[in-house]
Amino acid sequence: MISISQVSKSYGTFQVLKNCNAEVARGEVVVICGPSGSGKSTLIKTVNGLETIDAGEIKVGDFRLAPGVTHMAALRRSVGMVFQSFELFPHLSVLSNVTIAQTKVLRRPKAVAEEKARALLARVGLSAHITKYPAQLSGGQQQRVAIARALALDPEVMLFDEPTSALDPEMVNEVLDVMTSLAKQGMTMICVTHEMGFARNVANRVLFMDGGEIVETAEAAQFFNAPESERAKAFLARILKH
Amino acid sequence: MKVDLSAITSVAPFLLSGLLFTVQITVVGVAGGIVFGSLLAVARLSNNRLLSTFATTYINLMRSIPLIMVIFWVFFLVPWAIGWLTNGGRPVAVGASLTIYVTFVLFEAAYYAEIVRAGFRSISAGQYSACEALGLSKFHAYVYILFPQAIRNVLPILLTQTIILFQDTSLVYVISATDLLGAATKIAQRDGSLVEMYLTVGVIYFLFCYTASQLVKRLQGRLAYGAR
Amino acid sequence: MSLLFETTPDGVSRYIDWIWSGLAWTLSLAFGAWTIALVVGTLVGVARTLPGGIWPRLGRIYVETFRNIPLLVQMFFWYFVLPEILPQRIGLAIKQMDPPWGSFVPALVCLGLFTAARIAEQVRAGVQALPRGQTAAASALGFSRGGMYRLILLPQAFRIILPTLTNEFMTIFKNTSVALTIGLVELTATAREINENTFRTFEAYGVVTLVYLVIAMLAWSLMYWIERSVQLPSLVSGSARK
Chain H
41 MISISQVSKS YGTFQVLKNC NAEVARGEVV VICGPSGSGK STLIKTVNGL
91 ETIDAGEIKV GDFRLAPGVT HMAALRRSVG MVFQSFELFP HLSVLSNVTI
141 AQTKVLRRPK AVAEEKARAL LARVGLSAHI TKYPAQLSGG QQQRVAIARA
191 LALDPEVMLF DEPTSALDPE MVNEVLDVMT SLAKQGMTMI CVTHEMGFAR
241 NVANRVLFMD GGEIVETAEA AQFFNAPESE RAKAFLARIL KH
Chain G
70 MKVDLSAITS VAPFLLSGLL FTVQITVVGV AGGIVFGSLL AVARLSNNRL
120 LSTFATTYIN LMRSIPLIMV IFWVFFLVPW AIGWLTNGGR PVAVGASLTI
170 YVTFVLFEAA YYAEIVRAGF RSISAGQYSA CEALGLSKFH AYVYILFPQA
220 IRNVLPILLT QTIILFQDTS LVYVISATDL LGAATKIAQR DGSLVEMYLT
270 VGVIYFLFCY TASQLVKRLQ GRLAYGAR
Chain U
400 MSLLFETTPD GVSRYIDWIW SGLAWTLSLA FGAWTIALVV GTLVGVARTL
450 PGGIWPRLGR IYVETFRNIP LLVQMFFWYF VLPEILPQRI GLAIKQMDPP
500 WGSFVPALVC LGLFTAARIA EQVRAGVQAL PRGQTAAASA LGFSRGGMYR
550 LILLPQAFRI ILPTLTNEFM TIFKNTSVAL TIGLVELTAT AREINENTFR
600 TFEAYGVVTL VYLVIAMLAW SLMYWIERSV QLPSLVSGSA RK
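Chains as they are written, first to last, in this note's numbering: chain H, 41 to 282; chain G, 70 to 297; chain U, 400 to 641.
These aren't lab readings, by the way, just hints derived from the structure by calculation.
Far from chain U, by Cβ distances over 10 angstroms, these chain G residues were calculated:
#1 Q93
#2 G164
#3 L228
Here are the computed distance ranges between Cβ atoms for each label pair:
#4 H:V109 / G:L154: 41 to 47 angstroms
#5 G:S121 / U:L609: 20 to 26 angstroms
#6 G:S86 / H:S167: 54 to 60 angstroms
#7 G:A281 / H:S167: 42 to 48 angstroms
#8 G:G261 / U:V629: 49 to 55 angstroms
#9 H:E259 / G:L119: 53 to 59 angstroms
#10 U:S543 / G:L119: 57 to 63 angstroms
Within a straight-line C-alpha distance of at most 30 angstroms, the following computed BS3-like cross-link-like pairs (lysine-lysine) qualify:
#11 H:K172 / G:K207
#12 H:K172 / G:K286
#13 H:K150 / G:K207
#14 U:K494 / G:K255
#15 G:K207 / H:K99
#16 H:K99 / H:K156
#17 H:K156 / G:K207
For clarity, every value in this text was computed on a predicted model and none was experimentally measured.
Quick reminder that beta carbons are idealized off the backbone N, C-alpha and C, glycines included.
So here's chain H without its partners, still in its complex pose (with noise of 0.2 angstroms):
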């Protein structure tokens, strides 16, 4: 379903990836992880094109992701995102965030979208909060707001970037749990992350990606209990000590 070729980027001479090479199939739930400054974020972001690539090609079902294309929009209609903080809009309420990309991108009458967005919320467990606005919620909370708002568009591929790291420990189960059903609703997910447990329990495979290169890539439970770099094996140690 994803495939990423040989992909490059460069910032000026820094190199922060380095010839990546990695396939998703579908249905498939993947993490990516890997000490900071490894990557990670850049390399989910060329996925749904929020960052180009120098080199190499990336496809998403039928769309191809090269050096030099730059419309995207038919891809981001197919590709969901979800960031470390949120981007709620804090302008709006909770349930316009969730249909105001169904209106404005796929065209979706306002009725349709908004019976599509009670769904979602109340999917994530969201119904009580709809006329509220960001402000008044909580990290975990705006969060799964998020998530109904890509699941809006009905993706194929959901991205997730670091979902949790910004929210304090209490919370972060409540988005697990919505990443975990969506996982088993056969949604194809790509998860930059530092939850172990999550990675251990829902993952397929996992990605360990250090200095811009991808290290390893393994069967989640073959990554965890016998990994085989060096690296992987040092990045294990030190975060699994707690």
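Add chains G and U to chain H, keeping to what the hints say.
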């Protein structure tokens, strides 16, 4: 100090008509200034080199020269401009009001543009990313998401600039227009009631501007996004 | 541009001399008023930050009075109204001041006090932006109120407000033009006079506009240089660093 109150009350209607003109200039200046200023701000951020250079140059130029100088310029140029558009080149006599409106829209737009630009910069970068990720077109993103937030973030400053505009209108004195100050001056010269007229005008301006600035302060408190 | 070197109606000077004269008045008024504004503005601004008593209130009255009346109206007050309401003898003395000074002095006082109100607000904002701990630390070290402001608070506050002061400095040059209404033949008045004498409006206005632009650039460069040389890394708001 002798202040003759009847000198003021007898000319109140004329003063009021001057005040009306002041308010008219302010309203036109604000509306036109914000619209043109917002366009300038967006132009300045655009990827089109020509557009952004034009906008930046215009803004910096207008902000570097005195308003009185701009008034003189516009008064000189507008008859020629209209003539060029309609009459085949020769200057056309144009009413003072229209020229004044044009002056204030052109001048204040440069100031509003900078305020709107600050508004855009106050929006977190993630908002732009979120708009992109959702596939919103640039136009939709600006109109529905970015511009409303930008304006809301700088509303107090926009309103303060409007109060400044209200005060700036007094400079139409230099072309003998009959705004509030102009009306007061004409009466003062006719009746010899300088002290009364200028004090009155000072008080009127003070009341308007002080009240307005207090309201803006009140608004500033209410504008926070209502965080828990 | 040849206009500049033509002879004026009085047969003695050239138009460029008129421009020099206008420029001289503009600069004198601007720098003179700026000096008054800095001194008075700092005092009023500091007064507004004092803990209690009558000073903050007096400061507020000053600021509100001078900020809510247009500069032109204030100019008329100093020039026309003040001599009338002062005791006869003083009023007469003022009115008998020789022409350039009769206009210059009221303009100087007016513009200085007007700008002082704006500077007062900026000084107040700068001092109030400092961490509370600064005042506490200074007190604990035994500083008197005066010493605390002079040696600890104001040096920091001024660095914070340098960008807004720069703006004010450039504004004062523009505001000098208002003095033409009370007879001071500064730059803008010179433009009008040259125009009335030669009817070569474009050249007359054009040259003066260019002079204003040059002044603006020089003023901006001067303040930029000052900003850079007194910068403290911790207080940079991001403006002069680039």
